[in-house]
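Protein chains in written order, with my numbering: chain A, 1 to 356; chain B, 1 to 158.
Since the hints were made in silico from the structure, they are not lab data. Worth double-checking, as some hints may not be accurate.
[Claimed, not checked] Under the rule of at most 30 Å between Cα atoms (straight-line distance), these lysine-lysine pairs were calculated in the DSS-like manner: (1) Lys47/A - Lys145/B; (2) Lys282/A - Lys13/B; (3) Lys75/B - Lys256/A; (4) Lys47/B - Lys256/A; (5) Lys152/B - Lys20/A; (6) Lys47/A - Lys151/B; (7) Lys20/A - Lys133/B; (8) Lys145/B - Lys20/A; (9) Lys259/A - Lys47/B; (10) Lys282/A - Lys75/B; (11) Lys256/A - Lys13/B; (12) Lys256/A - Lys151/B.
As the structure is a computational prediction, the values presented were derived from the model and not from experiment.
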Amino acid sequence: MNKEWFNLKDISITDKLSDKNMLYDLQRLLDEELAKPLEERDLDAVKDITDAIVGINDEEIPKPVGAEGILAEVSARKKRGRIVQLRRWAAVISACFAVCIALNFYTLRTYGYNVVETLIKAVSSGFSVDLAHFDDQLPLSPATTATTATTVTTEDMQSVTTVTVTTIKSQSTMGSTEAETTEPITTTRSAGGGTPSVSADPLSEALGNSAEAAEPVVRAIWEASSQNGMEVCYPTYIPLDAEGLELTDSSSEQLKDSKDLYFTFSNGEKTLDLIIEEYISKDLMPEAVIPSDKMDYYLMESADYNGFIIFEDESNTALFVYGNTVYTLHTRGFDRSDIRDIAENFVPFFTGSSEK
Amino acid sequence: MIEPEHCTLIIEKYYNEIFSYCYAKLGYSHHSAEDCTQEVFVVFFSKHERLDETDNIRLWLYRAADNVIKAFVRKAPPPAVSLEDSPEAMNIADSGGFAENGDSPLDLLSSEERQLLELYYNSDYGQRNEAAKRLGLSLPALYRKIHKLKKKLRAAEK
Chain A
1 MNKEWFNLKD ISITDKLSDK NMLYDLQRLL DEELAKPLEE RDLDAVKDIT DAIVGINDEE
61 IPKPVGAEGI LAEVSARKKR GRIVQLRRWA AVISACFAVC IALNFYTLRT YGYNVVETLI
121 KAVSSGFSVD LAHFDDQLPL SPATTATTAT TVTTEDMQSV TTVTVTTIKS QSTMGSTEAE
181 TTEPITTTRS AGGGTPSVSA DPLSEALGNS AEAAEPVVRA IWEASSQNGM EVCYPTYIPL
241 DAEGLELTDS SSEQLKDSKD LYFTFSNGEK TLDLIIEEYI SKDLMPEAVI PSDKMDYYLM
301 ESADYNGFII FEDESNTALF VYGNTVYTLH TRGFDRSDIR DIAENFVPFF TGSSEK
Chain B
1 MIEPEHCTLI IEKYYNEIFS YCYAKLGYSH HSAEDCTQEV FVVFFSKHER LDETDNIRLW
61 LYRAADNVIK AFVRKAPPPA VSLEDSPEAM NIADSGGFAE NGDSPLDLLS SEERQLLELY
121 YNSDYGQRNE AAKRLGLSLP ALYRKIHKLK KKLRAAEK
């Protein structure tokens with residue numbers, strides 16, 4: 001055997017530095033190319049180098065995800081954007097908030113100083129909410145009759161922001177007109193948040209429990225949730241002046257961590273968007289960021305679920321968590337009291353279980 | 001709305017390239033590269049309506065990949081990878097030596113392949129670069145060939 005070849009054989013096989021050296025050289029070439037402005041880079045050279053890096057590592061390039069999967073995700077993100085909600089991608093967004101002035105919220109006497117502070121943070125462009133712990137840390141409220149209104153002024157180095165925090169204790173504090181409009185709801189629910197009797201036909205019972213104006217909303221939610229195997233809640237109350245709401249858009253998404261339903265109802269003057277996200281686990285609920293120009297919100301108190309409402313001039317957004325499901329309600333053309341009454345009167349379709 | 005066929009064509013054309021790019025920039029992490037690559041295409045199809053047909057899709061994808069990788073690293077910085085410490089990078093090099101037995105597997109190589117091996121082992125970085133050019137190859141292409149030859153020899157040894 002040729003001695004020269006034998007030596008070459010030994011070197012080429014046992015030289016453990018060889019691949020490392022090649023990768024080092026390639027990384028150096030790549031860094032040189034990437035040091036140029038993007039427009040000036042030779043993308044063919046970049047491809048050549050990175051292909052070699054993959055090849056020398058004996059990596060198998062995975063099969064690309066199907067076009068349908070990508071388009072479904074694109075569609076889901078667009079729908080989320082429709083009500084200016086940023087979910088799931090909060091990690092990217094949170095970097096933007098690093099430069100924002102964080103305001104500490106003073107919480108309500110009811111809950112103690114630090115509880116809400118950990119859940120809701122005001123950022124310069126809106127509210128950031130830790131959904132995963134929202135329901136755990138805020139105690140569900142017993143029915144009470146008092147109303148607490150607190151106005152807090154916080155001051156930082158650059159600006160003074162007034163934060164208005166108001167709790168809504170119960171519907172008994174409403175005016176007489178409101179009390180009248182919510183009557184159908186209160187009669188269907190037990191005082192302590194218990195569940196009505198089980199019906200063989202949940203939709204019929206739901207329609208019976210609900211205000212007439214809520215019928216198209218209830219039907220749409222029932223139909224979509226049934227088709228997607230979801231156990232969700234529906235609003236028993238829609239104000240009379242919103243009668244004639246029609247379903248103008250709806251869709252459902254089966255995502256990695258959740259099943260989502262999207263609805264838009266409108267009667268020409270008023271529009272109501274509803275997003276229902278049923279998560280596999282509470283732990284998977286992301287941080288939600290709700291843009292808001294004002295720092296004005298109401299903390300909902302319900303025997304069954306926790307949530308809050310953010311008020312704007314033209315529109316309002318309610319966000320609440322019921323079990324593993326997040327509900328986002330966005331209204332345009334509705335009064336402030338309307339969204340409060342709608343959001344506070346969601347109940348589950350009863351399917352034989354009264355558990356949340 | 002994009003037609004799925006159009007989407008499929010773009011994915012098929014650029015997926016491997018963007019994966020390789022992400023892989024090289026993410027410390028040779030297969031899973032991180034896969035996640036980022038998918039995100040690049042989701043971002044692209046989310047924003048494609050703003051692109052003009054004359055826009056350079058390839059360049060746009062690279063730019064998107066840079067942004068996605070930055071966000072990814074910010075969210076979960078990959079551990080600092082030294083090539084010496086990276087099992088992924090060193091798997092091949094650590095795959096064993098050559099037993100002293102019988103005929104040389106080098107006999108399997110053509111004379112051209114042997115010359116390539118000689119060239120690689122008898123030259124430094126600058127000389128390899130020059131030699132690759134003389135052979136009409138880029139340095140990465142030369143390295144890929146060398147790597148394949150080494151794999152061929154190892155396979156023959158087994």
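How the hints compare with the structure:
no., hint, result
1, Lys47/A - Lys145/B, "16 Å, holds"
2, Lys282/A - Lys13/B, "39 Å, violated"
3, Lys75/B - Lys256/A, "19 Å, holds"
4, Lys47/B - Lys256/A, "22 Å, holds"
5, Lys152/B - Lys20/A, "18 Å, holds"
6, Lys47/A - Lys151/B, "22 Å, holds"
7, Lys20/A - Lys133/B, "22 Å, holds"
8, Lys145/B - Lys20/A, "15 Å, holds"
9, Lys259/A - Lys47/B, "24 Å, holds"
10, Lys282/A - Lys75/B, "21 Å, holds"
11, Lys256/A - Lys13/B, "26 Å, holds"
12, Lys256/A - Lys151/B, "39 Å, violated"
Consistency with the previously given hints fails for numbers 2 and 12, ordered from lowest to highest.
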